[in-house]
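Chemist: Residue strings, one per chain:
Protein chains: 2
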Amino acid sequence: MRFAFLLTLAHIGGALALWPLPRSLSTGNSTLKLSSSFSIHLKVQNAPSDLTNAVSRTTSFLKNDQLAPLTPDRGSSDAGDIKRAKSLSALEVSLTPGAAVRSITEEARLPVGSRSEEYQLHIPEDGSAATLTANSTLGLLRGLTTFSQAFYAVSGQVFTAEAPISIVDSPAYPWRGFMLDTARNFFPVSDIKRTLDAMSMVKLNQFHWHAVDSQSFPIEVPGFTDLASKGAYDASSVYSTSDVRDIVDYAGARGIDVMVEIDTPGHTAVIATAHPEHIACYKASPWTTFAAEPPAGQLRLASASTTNYTASLLSAVARMFPSSLFSTGGDEVNDECYAQDPETQADLNATGRTLEQALDVFTNATHKALVAEGKTPAVWEEMVLDHNVTSLSNETVVIVWISSANAAAVAAKNFRIVHGPSDYFYLDCGAGEWLGDDVANSWCDPFKTWQKAYTFDPLANITEAQTHLVLGGQQLLWTEQSGPQNLDSIAWPRAAASAEVFWSGPGGDGVTALPRLHDLGFRMRQRGINAIFIQPTWCALRPGECNINS
Amino acid sequence: MRFAFLLTLAHIGGALALWPLPRSLSTGNSTLKLSSSFSIHLKVQNAPSDLTNAVSRTTSFLKNDQLAPLTPDRGSSDAGDIKRAKSLSALEVSLTPGAAVRSITEEARLPVGSRSEEYQLHIPEDGSAATLTANSTLGLLRGLTTFSQAFYAVSGQVFTAEAPISIVDSPAYPWRGFMLDTARNFFPVSDIKRTLDAMSMVKLNQFHWHAVDSQSFPIEVPGFTDLASKGAYDASSVYSTSDVRDIVDYAGARGIDVMVEIDTPGHTAVIATAHPEHIACYKASPWTTFAAEPPAGQLRLASASTTNYTASLLSAVARMFPSSLFSTGGDEVNDECYAQDPETQADLNATGRTLEQALDVFTNATHKALVAEGKTPAVWEEMVLDHNVTSLSNETVVIVWISSANAAAVAAKNFRIVHGPSDYFYLDCGAGEWLGDDVANSWCDPFKTWQKAYTFDPLANITEAQTHLVLGGQQLLWTEQSGPQNLDSIAWPRAAASAEVFWSGPGGDGVTALPRLHDLGFRMRQRGINAIFIQPTWCALRPGECNINS
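Chains as they are written, first to last, in numbering that gives the first Met the number 0: chain A, 0 to 549; chain B, 0 to 549.
The hints are simulated quantities; they were obtained by calculation from the structure and are not laboratory data. Hints may contain errors.
For identical chains, the list gives no copy identity; a pair is met inside one copy or between any two copies.
[What the hints assert, rightly or not] Restricting the straight-line Cα-Cα distance to at most 25 Å, the calculated cross-link-like pairs of lysine to any residue (SDA-like) are:
(1) Lys-62 x Asp-233
(2) Lys-451 x Asn-440
(3) Lys-451 x Ala-439
(4) Lys-62 x Ser-284
(5) Lys-412 x Asn-45
(6) Lys-82 x Gly-504
(7) Lys-282 x Asn-548
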C-alpha cells in the first residue's frame, strides 16, 4: 500500500500529499468537497479539553489553510468540477471500544515506547461520514492532523480529489524528535510554540530542549533563581516558571513530550556567574585548551558539595517538566580543565579517585536524584563510548551525535539509541566557521540537505537482535549562528525529513518525496510557519520537471 | 585615520561601531548624550521633500533604535555617567556653499561615477551643535545615516561615549550593489522595501533587480501586460506599474538607484506563455540540453520580428525605471536551443548570418533601443568573454559572475566592471543542489561566508591603467532556494561585507571588523530587518573572546 499515493499522482489538482506518508494508504479519484455545514463529531465520552481543542484547531485549519493545489493553475480550472462534487458533512471521531479516555497530554508523556499513536481514517467517496478511530486520544490527534492535511481549496471550496481515502497508520519508531538550543542565542516563547506547531504538523513527538549551556542560563528554576538572574543574557531573555509550564502544556496538547537537558558536567561555565565555587577553569585561557567552545568552565565533579548542588538543581528542574525523560548531557567533558583545577585535584587526592571514577560517582548521584523524581536519564554518546561510567542504567537513552557510525558501538553496549548524528541531522552545519578569527570551514560542513537526512538508515550496522534498542531520532539546531531570525528558515521544511524517516520508515525515495515536501512547505506557510522554498515555485507546481532526468 | 576606531575600543560601553567604516574617523572618549530637546536643523534652502523625510527618519531612528551597547551588562553600569554627561542639542545640516539643491533621488540616479556621496560630520564634545556638510543632498543622506548609527541607548538616554567625533567620508567605489531575483520565487513589495532599508543602512547605492526569468514574469509592463497576466505565478505575484514606481521612489529617497534587468536572449522561456512565436525550444526535453535550468526557452534572436518585439519590450520597461542603467543580461545563451529550432535555422539561412552574427545584430538592436531611452546597458560577462558582440559600446557595464578570475579578462577588453563573482558574492550558495533528483553538492558550494566576501580584492589582477574600469561590486541573491521566508536571514548581515569593501576600501581585517558587524546586526534587528546572529550573544558582547587566538 505504501506507494498508492504515487500511482494516483496523475489526475486533477489536489493530489493527496501527506507528510509523513501514512504506513498504509489507499486513494481513489473521486472529488469530494467539505459541506458548508461540515463538522467534526467527537464521539468520546468526557472528552478531555485538549482533545476538544484539537478538534477546534482542525476545524480552523480546514477553514483557514486555503491551500490551492500545487498545479500550474492552482486548481482554478477544476473549480466547476469541485462545485458539482459530492459533499462531506461530517468526520466522526471515536476511540476504539474499551479504550481508556486520557488526555492527549497524558498520552504524549507516557514513557517512550508505550505511547499509542496509531489511528485509522476513512473518507468515503459517497458523502457519508468520514471516520477516525484510534486506541488513544493521542492517536486521534495524529489522525486529525492527517485529516487536516488531506484537503485543498479552490475558490473557497475545500476539497480532496482522491476520495475514497483509507489510512491505517502508526509510527515506525517511537522517538521522533527535534532539538533546540536556547543557550547560545535566546528564543522567545512564541518561537518555541511555533516550532511545536511545526513539529506537530509532521507528527514529531519529542522536543529535546537544550535549555542552558556555558553561554547563558535562561531558565528560572525554583530555589535556583540566581542562575537565571545572573546567567541569562538579560532579564527579558529568561523562561519563567510559567513560561516553562506554558511551553510544556502547549507541547502536550500537540502530542509532544518535552525532554529538558541540563548538560553536565561540561557546558556549565555560566553557573560560575552565580556560584563560582562550583566551576573549574572558569574562563580559563586559552579556552581552546579547556573547552570545545568559549567560555571554558565545568562543574567540579569531584567535589561532594558540587555534586550535591548539581543533584539538587537537576531535581528542581525535573519537577518543572512532567516528561519521564531528562537529559544530563555529558558531552565534551574536558580533562585538562580538571587537571589544572587545584580544587578538583585536591578532591581527587582526598578521595583517592581517578577522574573517571569521580565522573562515575558524580553521574551516579545526579542520575539517582533524577530517578527519585521519576525520570529516565538521557546522555550524549561520550558517556558510554568515551567514559567508563559503570553506574549508567541500561534504561539510559543514548543520543548519538558525533557520527552516525557510532550508533553500532552504542548498541554493542546494549544501550537504547536516539539518532542525532551530525553527519545527517545537524541543521546548523554548512554556514562556515563561527569563531571570530577562523575563516576555515566548520568541522560539520557541508550543509546537511533534507535529501541527505532523508537517506538516513536507522538500522545501519545494527544487528537484528539490537533493533529493539533503536528508539528513533531527531534533527538538531545548535544556535551559534542561529536565533529567532532564522529558526524557521533553517529548520523547515528540512526537519520534516527525519519526521518521515522515523514515522513512515526509512528507504523512501527522495525524488518522489519532493512534491509532497513542497506541499508541506506551502501548507506550513499558510499556517504562519516560515518554511523556505526549496525550489523555484515553477518547479513546485510541476513535479518532476526540475529533475536532471526529467 | 582608518584605525582610529580600533584604538578607542577599550573604554566604557558604546564603542562607535559604524558600518561601513568611514574613510577618515577620529574619536575621543567623552560621553555625550542627546538632549531631550535634540533636533536636526536642516539649513538648506528649498530643501527637497526626500531630504526633509530623511531628517525625519533619522530623528526617528535616534529615538527608536534604543540599541544598548554590546557589552556584558549592556551599558547599565554606565547609566549614571551618561546621565551626568554633557548634552547635544542640535545637528546642523547644510550643503557646501554654492552646491546645487537637488533631491536625494535625483542625485542617486545620476550616472554611476558622477554621484556625490561624500560628507563631513563633526560631533564636538562640549555640547555645541554637531555639524554635517556635504556637496549634495545624497552626501547629506550618507552623513545622516552615519549619525544615526553613532548613538546607543541606556535607560532611555541616547548617547555616544566617544565624543568628539570627526568624520570625513566618501566611497572608495561608485557601484555598491545588491542583486535580487524576483523570478524564481516572488517577493512582496514590503520585502523589497525592507531590503532597500537594509541597503541604505550600509550605504549600498545600486539595487540590481533581476526582475524576470524563465520561471515567471512578475512585472506589469505597459503595452505588454500579457506577459505578467500569463507569465506571473498568479495574479497576486505581480508588481504593478504603481508597485514599481513605489519601489523606485522608495529606493531613490534612500540614495539607491534601481537597475532593472530583463535578461535576454536566454532566460526568457516565460515569454512563450504569452508569445510562443518568439521563443525557441520552449520546454524542450531534456532541459539539460537546452538550458542551464528548467524550463528551456530563448528568444528567437535571429528573427526580425522577435528582435523588434524585444526592443519594444525593453523600451517599455526602460520607461518604467528612471535609472540611467538597464541590464539586458546575456548570460548562459544555449547554442543547442537554436541549433534545433527550425525557425531560427530558417532565419539564419535567409539572412546568411551565423548565430554569433545574429546575436550581434540582436544585441545591437536592443541596446540601440535602450540608448534611445537614455540608458547605458549592462550585461553579464559572457557577452564580452564568450561571444563576439562587436556592437557593444565600451560604456557597457559588464558584471563578472562566473569567477572572480574573469575580471582581468573583462578589463583587458576595456569594459567597465562590476564584481559579482559567484566564488565570493553569491549569497545563495551552500545549501546543496536544488534539482529534484540530484543529491550532490551544488556547483557553487560551499556557502560564501561574510568573512570570504570581506577578503575580496577589487583590483586583483587588474593593472594600474585599468583601475578606472572597476566600478565596484555587489552581493547577489538568486532565489532557487530562497523566498520571503529567508530573504533577510540569507542576506544580512552578510551582504554588508561587500558594502564595506566597496565603501571603505578592501583590505580590512575581518577579525576586528566582527564586533562592528555584530553591532550592525543588532541595530538592523532593532529596525525590523531580520539579520541573523552570526555568533552566540555571549560572543557578540565580548569582542575577541570567541577567537581561537583569544
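Chemist: Could you run down the list of hints and mark each one as holding or not?
Modeler: Okay, the hints, checked on the actual structure:
1. With identical chains, the CA atoms of Lys-62 and Asp-233 are at most 25 Å apart between copies only, with a shortest distance of 22 Å across copies and 41 Å within one.
2. Proximity of Lys-451 and Asn-440 under a CA criterion of 25 Å is satisfied in both settings, with 19 Å inside one chain copy and 11 Å between copies.
3. Taking the shortest alpha-carbon separations for Lys-451 and Ala-439, both the intra-copy value of 23 Å and the inter-copy value of 9 Å come in at or below 25 Å.
4. In the homo-oligomer, the alpha carbons of Lys-62 and Ser-284 never lie at most 25 Å apart, since the shortest distance is 58 Å inside one protomer and 40 Å across protomers.
5. For a Cα distance limit of 25 Å, the shortest separation of Lys-412 from Asn-45 qualifies neither inside one copy, at 46 Å, nor across copies, at 82 Å.
6. Proximity of Lys-82 to Gly-504 under the C-alpha cut-off of 25 Å is found in neither arrangement, the shortest distances being 37 Å within a copy and 63 Å between copies.
7. In the homo-oligomer, the alpha carbons of Lys-282 and Asn-548 lie at most 25 Å apart only across protomers (14 Å), although the nearest pairing inside one protomer, at 55 Å, exceeds that limit.
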